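Participant: Sequence:
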Amino acid sequence: MNRREPLVLDFDNSVGAIPGATTVALNDWQEAIRFGCTLRTFNRLRAYLDEQLPANYGTVLMGSGDYHHLTWPLVQRQRARGPFQLVVFDNHPDNMRFPWGIHCGSWVRRVAMLPFVTHVHVVGITSGDIGAKHAWENYLRPLQAGKLTYWCMDVNVDWAAKLGLSDAFRRFDDPDALTCAFVKQLKQAPQPTYLSIDKDAFSVDTARTNWDQGRLEESHAMAIIEALRGRIVASDINGEVSAYQYRTWWKRMLSGMDGQEPVPQSELDAWQAQQRAFNTRLLAAIAESSV
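Sequence positions in the sequence shown follow my numbering and run 8 to 298.
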């Protein structure tokens, strides 16, 4: 069991108080980093985090799913624990083309191709990002290299077979079937694991976010975390809900195109309370399954 205390990367004040956690104030970086940025800007943040983060910490909470690209440097910080696989809960592949740098939907390709990462499993995708209409937007290299698998529902992915990528797509009719198959996979091929959770993979009954959401329930997450008992070497959680108005025009445009809806202020407190209660349960389960 891992008793290291959580670490909060506080960009957007959405995580709330967590007993024992170390908090790194990053509000001044919110506009620059949220949703996406150039690699130059991202590397400035990476250097800053290297100066600020403690030597040892537990699960990292980074706030909104708009910061999921922070998983890339967090994984790199764990290279000494490698080789290991990544298990990513996400309603999106996060493997989409973004030619201007890095953003919350493009980081998986970079992590999958790291030499100490054996494989990336993205679990719970229902987004049309992996359908035929958006096939060209997916980075194919990690799929072709056998280092990335999409575990998905509700999307026609027949196009993958035409490119010889059938093995990289595991499609299921419902979350129970997906979870059962994935747990079986984890038990058949046990590996040290970095766990990354974006709560947009879950139904709105489990956790409300301001992204389009998937169909997983809390029970599915807990079954997978239990299947990883004794093998989680590091972890992060995002998908908190927070209200923010971008000053940068292209971020306003692209986030709108991605279906991000403004959070009703009247509902924000209730959504965050639901999220924080879920975080408490996730943190406890992850700690029990960590090395």
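One or more of the hints may lead you astray.
Quick list of the computed label-pair ranges, beta carbon to beta carbon [to be verified]:
(1) Lys191 x Gly263: 26 to 34 Å
(2) Gly263 x Phe179: 37 to 45 Å
(3) Gly138 x Ala32: 37 to 45 Å
(4) Ala32 x Gly153: 36 to 44 Å
(5) Arg259 x Glu233: 35 to 43 Å
(6) Glu274 x Pro90: 18 to 26 Å
(7) Asn34 x Gln272: 17 to 25 Å
(8) Ala280 x Glu38: 38 to 46 Å
(9) Gly108 x Gly171: 26 to 34 Å
(10) Ala291 x Pro197: 35 to 43 Å
(11) Pro90 x Gln59: 38 to 46 Å
(12) Val298 x Ser226: 31 to 39 Å
Since the hints were derived computationally from the structure, they do not count as laboratory data.
Keep in mind it's a predicted model, so treat the numbers as computed, not measured.
The C-beta atom is built at its ideal place from N, Cα and C for all residues, glycine as well.
Participant: Take a look at whether the Cβ-Cβ distance between Lys191 and Gly263 falls inside 26 to 34 Å.
Facilitator: violated, 40 Å
Participant: Hint says 36 to 44 Å; check whether the CB-CB distance for Ala32 and Gly153 agrees.
Facilitator: holds, 41 Å
Participant: Range hint 38 to 46 Å: satisfied by the CB atoms of Pro90 and Gln59?
Facilitator: violated, 27 Å
Participant: Look at the Cβ atoms of Ala291 and Pro197 and judge whether their distance stays inside 35 to 43 Å.
Facilitator: violated, 22 Å
Participant: Falls inside 18 to 26 Å, the C-beta gap from Glu274 to Pro90?
Facilitator: violated, 43 Å
Participant: Given the range 37 to 45 Å, decide if the beta-carbon distance of Gly138 to Ala32 lies inside it.
Facilitator: holds, 40 Å
Participant: Please check whether Gly263 and Phe179 have a Cβ separation lying inside 37 to 45 Å.
Facilitator: violated, 31 Å
Participant: Honestly, do Arg259 and Glu233 meet the 35 to 43 Å range at C-beta?
Facilitator: At 41 Å between Cβs, range holds.
Participant: Between Gly108 and Gly171, is the Cβ distance one that fits in 26 to 34 Å?
Facilitator: holds, 30 Å
Participant: Does 17 to 25 Å hold as the CB distance between Asn34 and Gln272, or does it fail?
Facilitator: This hint holds: roughly 19 Å between Cβ atoms.
Participant: Take a look at whether the Cβ-Cβ distance between Ala280 and Glu38 falls inside 38 to 46 Å.
Facilitator: For Glu38 against Ala280, whose Cβ atoms are near 26 Å apart, the range 38 to 46 Å is violated.
Participant: Per the hint of 31 to 39 Å, is the separation of the Cβ atoms of Val298 and Ser226 within bounds?
Facilitator: For Val298 and Ser226 the Cβ distance comes to about 24 Å; the hint is violated.
In summary, the structure is inconsistent with hints 1, 2, 6, 8, 10, 11 and 12 from the numbered list given earlier, while agreeing with the others.
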